[in-house]
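*Asks:* Here is what each chain is made of, one letter per residue.
Protein chains: 2
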Amino acid sequence: MNFSKRTTVEQIEEGTQLSPKFNQDGLIPCVTSASESGEVLMLGYMNNEALVKTIETGEAHYWSRSRKMLWHKGANSGLVQHVVEMRIDDDQDAIWLRVSVAGNGASCHVGYKSCFYRQVLVGEATKVSAHNPRNALIFTENTKTFDPMDVYGDVQNPTQL
Amino acid sequence: MNFSKRTTVEQIEEGTQLSPKFNQDGLIPCVTSASESGEVLMLGYMNNEALVKTIETGEAHYWSRSRKMLWHKGANSGLVQHVVEMRIDDDQDAIWLRVSVAGNGASCHVGYKSCFYRQVLVGEATKVSAHNPRNALIFTENTKTFDPMDVYGDVQNPTQL
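Chains R and Y supply the protein sequences, listed in that same order.
Residues in the first sequence are numbered consecutively from 0, following numbering that gives the first Met the number 0.
Residues in the second sequence are numbered consecutively from 0, following numbering that gives the first Met the number 0.
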């Protein structure tokens, strides 16, 4: 699949041609949310091939930056993300996927449903005396949906320092 | 505000210390969604200062990559984003803001409510005979919420080719 060339701001913002912009690493960021709850599940990255595969199959594909390979989400864990809707933003340098997740509905390698399982207090909430900004995260999911060891075994953890 | 150093995967994924990872450009991507509808409004980027300002004030601040400056969203347009909840992801290299937007609720410089105002057909929907993948975007918002000329005047459009 060949995407249209980016020629004018008007074409990119107001047109109906798909003209994605990949960054200096050849990637476009992708926000993935649960289609029913609206909860953001993860922020991933797609290269050209992953974007094309996602469009062609209707299942989310990403570029794994840690493993440096095409990543068909759920191919190992069974937690495939079925795309309910794909959108692209104004300057076409970001993708939004609304998905329904197979199996137990989890999308996070740590075992939680969403990768965003911790809250950061902001504004007035930070002004209480006990607040320590260096120790400020609050878990929003109390229990893991699955045990990563069961699903991934000894596959290397993708988190990098 | 000093963030905790990133020392171990367990600390980053399972701990309560805020240890954000900024990329090679000193930025962390930020998904911003409407707190009530769950609609994703924009994908922005924060540098250290923007993240600290957002935490301290409870209003979304970003780093404008086009203008290369700290960007208090809504400072010019009045469309301030009040943070209802901030979250951070497993490896702490992405932020999610749930916001309520002042004024008419719009967040997109083109005049739409969400920057993601166009849909991309995927999967089975692409297999109909009339589908042309190079001309494939479908508008999801029929009318603009505001006229960008009224709000921004002749400020340079941030979209880059």
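These are computed hints drawn from the structure, not numbers from a lab.
Careful: at least some of the hints might be erroneous.
Since the list can't tell identical chains apart, any single copy or any two copies may satisfy a pair.
Said to hold, decoys possible - 30 Å max Cα-Cα, derived DSS-like pairs, lysine-lysine:
#1 K20 to K4
#2 K126 to K4
#3 K4 to K67
#4 K126 to K52
#5 K52 to K4
#6 K52 to K67
#7 K67 to K143
#8 K67 to K20
#9 K4 to K143
*Asks:* Hints first: check each against the structure and report whether it holds.
*Replies:* Tested hints:
no.	hint	verdict
1	K20 to K4	within (10 Å within a copy, 33 Å between copies)
2	K126 to K4	between (50 Å within a copy, 23 Å between copies)
3	K4 to K67	both (26 Å within a copy, 26 Å between copies)
4	K126 to K52	between (47 Å within a copy, 14 Å between copies)
5	K52 to K4	within (19 Å within a copy, 37 Å between copies)
6	K52 to K67	within (16 Å within a copy, 34 Å between copies)
7	K67 to K143	within (27 Å within a copy, 40 Å between copies)
8	K67 to K20	both (20 Å within a copy, 19 Å between copies)
9	K4 to K143	between (44 Å within a copy, 25 Å between copies)
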